[in-house]
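*Asks:* Assembling the complex is the task here: the two chains are given apart, and the hints tell you how they should meet.
As given, the protein sequences belong to chains A and B, one line each in that order.
Positions 1 to 223 (the UniProt record's numbering) are the ones given, in order, by the first sequence.
Positions 1 to 855 (the UniProt record's numbering) are the ones given, in order, by the second sequence.
Treat the hints as calculated values from the structure; they're not laboratory data.
Be aware that one or more of the hints could be misleading.
Stated by the list, open to error - Selected chain A positions facing chain B (Cβ under 7 Å, derived; list incomplete): (1) Asn78; (2) Ala81; (3) Ser85; (4) Leu98; (5) Leu101; (6) Leu109; (7) Pro110; (8) Gly115.
Said to hold, decoys possible - Now the in silico label distances, taken between C-beta atoms and shown as ranges: (9) A:Asp174 with B:Ala440: 49 to 59 Å; (10) A:Met75 with B:Gln400: 34 to 44 Å; (11) B:Arg776 with A:Thr13: 27 to 37 Å; (12) A:Asp76 with B:Val308: 52 to 62 Å; (13) B:Gln842 with A:Met75: 24 to 34 Å; (14) B:Gln400 with A:Glu207: 30 to 40 Å; (15) B:Asp4 with A:Val21: 48 to 58 Å; (16) A:Gln175 with B:Ala440: 52 to 62 Å; (17) B:Gly292 with A:Val21: 23 to 33 Å; (18) B:Gly292 with A:Gln175: 26 to 36 Å; (19) B:Gly292 with A:Leu223: 35 to 45 Å; (20) A:Val21 with B:Gln842: 21 to 31 Å.
Beta carbons: idealized from backbone N, C-alpha and C, even for Gly.
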Amino acid sequence: MSTSVQMSGIHLTYPTESGSVAVLNDASLTVPPGESLAITGPSGSGKTSLLLLLSGLERPDQGEILVGSQKLSDMDSNALADWRSAHLGIIFQSFHLLPGLSALGNVSLPLEIAGQANARERALAMLEAVGLSHRLQHYPSQMSGGEQQRVAIARALVHQPSLLLGDEPTGNLDQQTGEKVLSLLFDLHKQSKSTLVLVTHDERVAERCQHRVRMDAGRLHAL
Amino acid sequence: MRSDMFTRLSWMCRFAVTDLRSRLSVLKVFLACLILGVTLVAATASLYRVVEQSLLADTRALLGGDVELDASQPLPDEVLEWIRTTGTVSLVRELDTMVSDQAGDNFLRAAILTPDAAYPLYGELRLSPDQPLAELTAQKNDLWGAVIDPVLAERLGQNVGDEIQIGAATFRIGGLIQAQPDRSLNANWRGLPIMISDEALQAAQLIGPGARVDYEYRVKTDRDLDLWLDEFEQAFPETQWDTTTFAERSERLAERLDQIATALILIAFTTLFIGGLGVANSIHAYLDEKLGTIATLQTLGLRRRPLVGIYLLQIGILGSIAGLVGGALGVGLSTVALSLADNTFAATESSGAGQWISVWILPLLLSWLFAVLTAYVFALPALAKALAASPAGLFRGKVQAASHEPRSWRLASYGLLAVYIATLLIWLPSSLLGFLFLLALVVLWGLLETLIKGLQYSARALENSGFADRNFARRLALANLHRPDSPLRATLLSLGTALTLVVACTLLVSTLLRALESTIPAEAPALILYEVLPDQIEPLQTGLQSLDPDAETELLPLVRGRLNAINQEPIAEVLADNSQARREAMGDEYKLSYLSGNPEDLELIAGEWWTAPAPEGRPAFMAMEDREANQLGLTVGDQVEFQVEGQTVPAEIKALYRQKGLQTRFWFEGVLQDGALDELIGRYVGVVYQSDPGAKASQQWLARNIPNVITLRTADWLETAGDLLGKATAGLAAVALVSLTASLLVLSSVVSVSRRRQLYEANLLHILGARHRAIRLAMLLETGLLTFIATLFATALGALIALPLAATLLKLPAGDLWWLGALVAAAVSSLAMLGGLIPTLQALRLNQAMLLREG
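Okay, chain B solo, but in the shape it has when bound (with noise of 0.2 Å):
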């Protein structure tokens, strides 16, 4: 019994390989479609995992130690002790500053750090040459020593042995820094760390009055950190300190990590969905030349199950391959991303077995399991009519696939479909993303269904109307549109969605890049400083113009001020139902300005700005940036109070405004009226109005001789700014490319599909009178009009996708750009289609007599 049932199965299983090799090359498409969305699903997954494990593995080291505390100024002596008692404590300090090559020709934005003995709490610091920190930064022939970030050493043009200046002194570079535990994802913009000692930063003379240093204090402790928390703040409730427990930034970087990969993953999972409209289509090609031998080997006997399983195992084998292929492709390809992204990621290279197996068996065996069950989601349907054909069809010449699926097997494609789901929502890392996602993929799927009523009913209407009377090229196309198996679905599906991502990174990328562009301007400042001290202001202005008279210098006071009360009530007892919120306002130093000669584009969204002061007595007006507004549920009529120095600013807010995302250059949380901050302002930030080539020997001039002001050069900025872009860019056009690649596989084999139809109805037309070019003409208008509402519809739904991205997360316009995103749908789409229409236009040789042969 079981020898039969073995055998039995034995035969199946070489049947349907046999079967399945007799017509391969009808399943190209279903191969290429899934490995298409496949590779993106594993890519992305592969690659959200090693994020995922270099980022969140220990958040620890990332943070520096299990609570950091932020400060201005050293910790009073009786803070430590207090630390000191529950733990280990490291001080790292850091500050901003300008470095040059020892010919004092590149200047470039740098973290200075000095970290104690202790440092690090947690994780490795990894030098090269492998040598203690101390050593390599020790003084040697009169030289000290300074470790730095191996790019910051590759900008300068210097190596290690070779001379920097920082500030009033000249070190030697002693080492490179290989991977630092808490290195900052943000260093890329804000300044490469620089490690030297205590006394050396004595000896560059950075830290003068006024000379703005950041303390970081990194906790190690046993206890529970909430306890912990509670304790400090008890003892120390008057805290100014930004503190943050590694849990907290842990949990904040997995929430933004997962919303980052859920996106990606699920652009991967719109592209798996096109290439499942190709299976579809293809397997449907596939079944339709099987339906003979199904029929013939239910007439030899053969019982339904085994005949089930067949076409099932063959349907099991396709996904397979397809998901093990596009699988080892996208880990492959997610390799070649990280190794280009300057292994910023350096934890994957501490690779255990389990890590392993996370990073690269994992993805592979979900892309294996969601080729698998893709396969079977969009070709159950085709099956199950195949399998409905009655074989009673080979008596009469030919056999037909049902025109329904029976009950049973509809139910099994909804079971499936659910599981897909489930599935899909289990495995995204956003199950609230993927939720959303899949609630606004039903909502478009209807909204695109009612389209389609809409268009087909629209077309049979303006068909019916006289329209196309006397012209058979518009009832023809106009009928193409609304007739049974209309490819207009399919079309907009597989072309549409892919189009619709192709205009939305348009969208996204020209925006960048016009913001990018718009700060290059004559108007545009050619250099901004950052860090001048109030006595600084005169020597600066006349040096700065005595180098380029054409120079305009624009300064303003830059006010840090902590919230101390929001309409009279202490911030502690505002937020004293949400402890992180309450330290992080406490802690938070708001940026202060005037209003007058600020050089940013303050755009106003509420409230009106103020023509007068506020009267004598009352508190000084100001204007708030939204995000924090909204953030502490302040609007236009509340009164905060803020605390700088020692001292308290009452203001009102007048208004509210919004700053111009990438445009803006000190980014200022609030501006008050002139002279409200007059006794409290300790340091200036500025602009200056020049050429290039001028802002270049500004720079230079102000290292040498104010060399504590920090100085950021437009072009630079443009650079790293454009680099980072371009990287970004190519990304997007990569994926945007390999979704777009598999609609055209989808579209082809919609096309070749219409293709026989073209060619059939083109020599019946010619029988019935129509000349050659009438009918070339009326395949033109049937693809021009596909074309155009594939571009209608993509450039509607891209524009709706990106416009609100644009404005919320980059803060810019990109209204006035849609012409951009019809203008590349439109090109893409007529490419795609055109592309399509030209071997059947080539292979229209109009053999009429065909049609009389066959009968």
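Chain A with its partners taken away, still in its complex shape (with noise of 0.2 Å):
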């Protein structure tokens, strides 16, 4: 299942003490269904207040933002919620698994969020596709961190999403595990079709994906 996302003329400005700050200036870009796209740039160009506001967790002063045929601006908080309950998947540089659950209650809690039937049979599939058969029942404080980044990208994974967002997915890991999450990340993107957004400061991994665009002073260049 996939999904096309679509930003036009995004503005985005945060208010500080000294005045406000813009962070994305008329911003803009196409991801075709099914297709991958990486964000690089310097630290403070804005790659994840545009996460951010793919992901609906934050609002565009002006602009607007489709996904597949989803506007995000006309959805309240609940049905933000639900939507992303139902179709983005989030890997995060720091994984943020909850350390009271074990992998496999961990992998099986967007089925549970969503109220999906079978989530423990499908949580127990996806981490065997990611190769964690062996660590269900252990929690993320007695795994590796490649392990942990194997069991974010499987939680990320479990429900199917049209959109999977990544944010630094490899930036926790050493050269030789990233290298391998970075293939199992691929791998499971495209057997699921689902269209994949990353950002990252990594060239190795920006080259993997179809689309790249680099981001400066909030602005989006093309590469």
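*Replies:* Below, the structure is given as structure tokens:
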């Protein structure tokens, strides 16, 4: 299942003590369904803000975001929550697994939030797919960084989202582990046919994506 | 070299203080928890010292002599002569009677004392005005003087110079008793003292035929007391006087006092232990913030020893502050408690330097010691992990504490714990009770760990069974119970332990209150009568009937007898090997009565009540009170023989019964088949069923017309009991409140750690698509589950402690009140847990962007 992503004329400012700061300035982009896009750029260029907008966790001051046929600005907080639950998967740089839940519990969480049946079975299958069937009952604190990120990927994909967002998914991993995790991510992305948007500093990660844009001072430049 | 060391030490101290001051706010819970626990320890220790010094400093004075002989008749001349060859003797005659104000409105039970000139043999009788007793009790203007207890004067509404009525005579209050060395601790219950002269006693016409007078002979001797007793027993083998030495009294008193003090101190230590959990949590949070500092100091070249020294010093400083503040507060509290106790413990007034140190300075020093020890015992594990953190973390972005403390630290922790336990056991008044407490603590700890493991296993099994499928709120609540670092253990240990204390206190107090209330109903007698002589029965019944035609009077014989033989063997032979038990058994008088018409609710516990009298020529059937029977090892089927007024009364034990504690009025040690005592009845006791105003009128009539009859209005008794119970309840409530406050502080530190986690999880869940309402529900469910478990735990454990105590000490059933304990536990735990949750819900700003921003 895949979806297109369209952002057009996005402006975003953050209020600060010394006045408002423009984070995004007339930013626009399009990602065709099922394809992948890498967003690169220096720190503070607005990459993470872009992800926040795409996940509906931030609202733009101006401009429109369309994910498939869904216009995010038309949705209220509950509708956005339901939309994320059904269509969105996010992978964080610091994994952000719930420390109180086992690997299985973490992966089945999106399905349970959505009230779907067979959550455990599907999570089990997903963990097998990421090669962690032997770590089902382990807590995050009992796993390595690479394993935690594989659980995070499984959690992001278990409910077959149409849009997958990644924020420096290999940023906290060593090179070798990062490579493995990345291969896994792209393999699963291909299998699931979801649309993938990655924010990264790493050129090698960006090179794996079909499309690349660079952010600089709140503007997007196609590469 | 020495100057180098001094410079280094001085730097260490300065750094420790500066570093501590920078984050002292994080340690508020540390200080508060320790202070609360130590306050209770100091208060109970200081109270114990005061009471101990007051009661045990001079038990000779408390007993009135080296030896006391209690008799119901004057000692024969030859006995007195023998005693005089061994030392000095003093006699105080004592009898119970009624005293009223001049108007005859208020009647109170009082103990009339007529001491001889030699009284007191020990201690000092202090009177106000400060004049000799003989002068204050002398006859002036046709009125005899009476020196009375100040509380009695207050209850009667009379002052020095006012008149009171005792028996047939009117007395002038000549003075007040400010301090009586041998004042009985039971005086508040049995009757407050009035001292009058021998002649005045005759004038009051209280000593008639059948009147019960206690002759208390006190002996002052230089001889060895055991030897004195042996010689006395040899000289008068048929002795039937209750003889006690001050050493025996002192031993008994000290034993009981030590037990009570140990129980109280252990409750205080339980609070300190709960506070220790707060110390552990708080120091953990503090050291987490100091990990960077610790790592930086290491990278700057600070050696391990000074580094360890700095943080040990900080803990020592905090422990000392808490110990001294808590100690001072506790000693202050005990002073307030003593001033509220109406100067019962007057001995404290005579203060010497040694006493001052023992009562005030010693508890303060011990509080400091235990505060510092508690701080180290609970802080060492966290400190060990923090100090084991690798400074390499500085280069990787975050320094993390080690997951386990090094072995040497663990050994040091165990060593310190052993020192702590040893100090506690040595210091506790009753080491045996202390040891049992520690044993119980270990067993309870084991049970608690088993319970926690069981709960976690069940939670995991329930979570995996499908119960939490499609319901992430349930999954989170269950996972919260079994995840690593689950707050379950900390919650049960802190809130659960304090709630246990609250539940136990609730059950005990409510049981007592109910017992008092159930004494009030219309079926309960409004007036209790003692010392009714056989020829007074008819006028008494007629008089009361004419005053109140609805009044119903029931009289029962009361015969006092001494146990002579058990299964045909003389008691002196049965107890030949135990001189104290023998003297007690031979000196004790048993109160005997009949089973028929007995108003006491006697509970049969062994054998059976007889339906027909014993066959002619066989010993009469009797039932014996369980405590007496147990002391003598008697059981159903045994035969006993009583000596009453020179006659022998044989009886066969057919049943054992238990009396109902507070609701028991006469406390009979034995009841016999009807008719068995007929020829020996010298006096009766009785109850009158009527309204309280009617009882008051009856009391006045009896005091005027049959003055030797002692009357006790149930309403008066209830008032006194209620007053004492009120004080006891306030004391218990205060202790429970301090304990609960300590536990809430601990809980607040647990909740604050949970809060960070909950907020983080809430944000993450919202990012994953959970609605706000669902997240709040999940939090409520998680909190509710913990509250429920804490309530269940406290109710079960509290009942387990309180029910046997109520059954054995108060002789009252409390099992049916479990729901009240549960209700209180549920209310308190809900308030505590929800109180912790509400700020979390308020702080739930759901700033999900934070996660992406933080990576």
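*Asks:* If a hint holds in the structure, say so; if it does not, say that too.
*Replies:* To see whether the hints hold, each was checked on the structure:
| no. | hint | verdict |
| --- | --- | --- |
| 1 | Asn78 | holds, 5 Å |
| 2 | Ala81 | holds, 5 Å |
| 3 | Ser85 | holds, 2 Å |
| 4 | Leu98 | holds, 6 Å |
| 5 | Leu101 | holds, 5 Å |
| 6 | Leu109 | holds, 6 Å |
| 7 | Pro110 | holds, 5 Å |
| 8 | Gly115 | holds, 5 Å |
| 9 | A:Asp174 with B:Ala440: 49 to 59 Å | holds, 53 Å |
| 10 | A:Met75 with B:Gln400: 34 to 44 Å | holds, 40 Å |
| 11 | B:Arg776 with A:Thr13: 27 to 37 Å | holds, 31 Å |
| 12 | A:Asp76 with B:Val308: 52 to 62 Å | holds, 57 Å |
| 13 | B:Gln842 with A:Met75: 24 to 34 Å | holds, 26 Å |
| 14 | B:Gln400 with A:Glu207: 30 to 40 Å | holds, 34 Å |
| 15 | B:Asp4 with A:Val21: 48 to 58 Å | holds, 54 Å |
| 16 | A:Gln175 with B:Ala440: 52 to 62 Å | holds, 58 Å |
| 17 | B:Gly292 with A:Val21: 23 to 33 Å | holds, 30 Å |
| 18 | B:Gly292 with A:Gln175: 26 to 36 Å | holds, 28 Å |
| 19 | B:Gly292 with A:Leu223: 35 to 45 Å | holds, 40 Å |
| 20 | A:Val21 with B:Gln842: 21 to 31 Å | holds, 29 Å |
Of the numbered hints listed earlier, not one is contradicted by the structure.
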